[in-house]
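*Asks:* So you can see what is in the structure, the chains are spelled out below.
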Amino acid sequence: MNGFLINAIIFIVAAIICVPIAKRLGMGSVLGYLIAGILIGPYLLGFIEDGNQGQDIMHTTEFGVVMMLFLIGLELEPKNLWKMKDLILKVGLSQVLNTAALIFEISILIGVNWRVGLAVGLSMALSSTAIVLQSLKEKHQMDSNSGRMSFGVLLMQDIAVIPILAVLPLLVVAGAEMSADSGHGGFLEHQPGWVQTLMIFAAIGLVILMGRYGFGPILNWVSKTKLRELFTASALLIVVGIAFLMELVGLSPALGTFLAGVILANSPYKHALESDLDPFKGLLLGLFFMAVGATINFELISSNASVIISLTLGVMLLKALVLLIIGKVRGLSIPENLSFAFGLAQVSEFSFVTYAFALQLGIFAASTSDFLIAVTALTMTLTPIVMLVIDKLIIPKLREKESKNEREADTFSEKNKVILVGFAHFGSTLGRFLRANGIEATVLDFNPDQVDLLRKMGFKVFYGDATRLDLLHSAGAEEAQILISAINSSETNRKLVELCQEHFPHLEVMIRTKNRNDAYELMEMGVEHIYREHLDTSIRMGEDVLKKLGFRAHTIHRLASQFRKYDEDALKVLFQYKNDREEYISKVKKQIEQQELLLSGELSKKFSLNDQAWDSEPMKNR
Amino acid sequence: MRKVLIIFAHPKFEHSDVNFQLINAVKDLENVTIRDLYELYPDFTINIQEEQEILFEHEVVIFQHPFYWYSCPPLLKQWIDLVLEFGWAYGPGGVYLKNKYLLNAITSGGSQEVYSHEGRNRFTLEEFLRPFEQTAYLCWMRYLPPFHIGGTHQIQVDELQRKARAYRELVLQLRDEKEISIPYLQKT
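Which chain is which? The protein sequence lines are A and B, in order.
All you need for this note's numbering is the position in the first sequence, starting with 1, plus 873.
All you need for this note's numbering is the position in the second sequence, starting with 1, plus 342.
Simulated from the structure, these hints should not be mistaken for lab results.
Careful: at least some of the hints might be erroneous.
Here are the computed lysine-lysine pairs in the PhoX-like style, where the Cα-Cα straight-line distance is at most 20 Å [unchecked claim]:
hint, chain 1, residue 1, chain 2, residue 2
1, A, Lys1438, A, Lys1368
2, B, Lys354, A, Lys1420
3, B, Lys354, B, Lys419
4, A, Lys1265, A, Lys896
5, A, Lys1265, A, Lys952
6, A, Lys1421, B, Lys419
Build the full structure now, drawing on both the sequences and the hints.
*Replies:* In structure tokens:
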């Protein structure tokens, strides 16, 4: 018991320390967890005694991958999955087959036994669903071109697991050890082929049927008890149950739960399931990544450093190369292709299973297996680092080059008078309104997919961080009249303002802000045009509420305009007192009182105190 | 039976007892449409197309409004400016208002007596309403004499009710009379 508690504390503390640091450094949570695992692993702090313990944890927590695929399935409607069939079949299959074949050929060339070579090739063709999907989600790239292709490849790999597990026993010499096989594939192992096939289809059919007609009523029944933990338990039951069923017939549990997720994507319980399972998934995956980190056998690596490192890099390069060619054929842009290819360059967590299986079957010697495990774990650790380099160093360079090229092409076209920074919801509405009135703005945004879309729509868009001076130059800040910031980061806004004040003093700067406090800071910097993002909408909503309650539309319209002007004026007054806390509070009170007075006076029948519009009491009494 | 359209403009209707009574007196009548401009267009953005279509469907048009500074409230002026388009209401092809009846139904703080050559306002109501008369004239409309309630700040309840009934009678007459017997003015 104590041992368990202490272990739990060690793991959680390591994660709490490493992951936020990794995130802060822009490395993503996966790398953070891996580093945490290495830290507490047998070779550094030694909290985990040996690689075996790490592997045990890894096998247990692999379930996080199963849950993740269930959750991903939930977000994918069946018709969208159908649209992906081309990606899964063509892109996925060519990746698996080509990679496996290449590794197989190379191992034969360097004189490895062909059976070992084939087993290694098949295992290493797979990429880590856990790492790739987690990173894609974190970077919000699931819906980008490269994200969708990565997902297609991963799905195909999950399907490929079935035939791979089926092929491995066939590699065993003369079948003598077949009986020694203690079975990856459940009780069906010893059934004749047609029964196996039948059972597989029956299992898939069962999942689909349950997804369509079974889970809904069950969840409905459970949710009526209004016991949240019971609902969570049912959600877990669905996932665990399907995983068990799939393992029973020798299919990939992840694939089964993914299927169930897709079927439940239209269910009214979708969001409840998501929010209930998400923490489990997160924790399990975190543990899983740490376990991977802890399994890295540094002793083995240091004694065979050159071989292992060259193998690791070789495998990654080879996998990336195959993917690069596929990406090129599918028309990915260079930055997209880089993140697609190197994102998938690691070897899968599932390979640990196939190594163990091959070891059991006697295809591998124990030393080979250890070797491969080390290489696999290393690839898993290195890919996030490579991705970091690509994301932070290479892609910005490429984009810069792109925008420079574009700039050269643009020198002949007219310069825009307006520069619009940020083209998410706020900025796009603004941009559309300007465009509808014949004003084209030069847009700066740092979401690559957004940039692609806007370019297609004929906007002049520059990718990148607007707080970079060179980017502002190339966007034509010298010639522009107005710079609008429609981003919601107050920090970026401040930097932007400073930059403009220093280098482009002629630019009229108009800034979106979140709230009063941000507005004060900008006022302090001397910005005149400040737009609190909620102000107009909330007042407009209030107008509609009052209209629904029977107030006259025009009266409310006037009052709303007054209220807004009042609020803006009050902001300026309060700004002068904001540093004097006590006075500030009393001023705020006074402002609120005045506001109340204004409003209540206006709306009561005896409004004459405030509003003399159209007919005042003195006039009436004449 | 003619269709009657009341174009009603009061920026603070919720405080006007007189106009409230007038509207109440006619709002349930069949074939009488009331367009409450300040409620429909609080921000002065008028839907021209819709207003023209409604206008076209009706044969009698009443501008009901308080008399502010010897004229109508600004939204009614805006309405006239925008809806009575060249080529639609007047000018070449502008025949869509031809032979429709128009009158102003006015409430004023000043009494009937101050609107006379001898009174404080020096001119009669008809004289102040010349711009409306000429608008109707230009659009080939038939301009009828105004309906007027003066002294609204001091008006007594029974007097107000009598006036409201009279307004209702007028609207009914305009709606139902076979040939409208009130003299009107029209371009010939």
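*Asks:* Taking the hints in turn, state whether each one holds.
*Replies:* For each hint, the structure was consulted:
1. Lys1438(A) with Lys1368(A): Not OK: lysine 1438(A) and lysine 1368(A) at ~28 Å, beyond 20 Å, violated.
2. Lys354(B) with Lys1420(A): With Cα atoms ~14 Å apart, lysine 354(B) and lysine 1420(A) stay inside 20 Å; holds.
3. Lys354(B) with Lys419(B): holds (16 Å)
4. Lys1265(A) with Lys896(A): holds (13 Å)
5. Lys1265(A) with Lys952(A): violated (35 Å)
6. Lys1421(A) with Lys419(B): With a Cα-Cα distance of about 27 Å, the restraint between lysine 1421(A) and lysine 419(B) is violated, given a limit of 20 Å.
Violated hints for the displayed structure, listed by number in ascending order: 1, 5 and 6.
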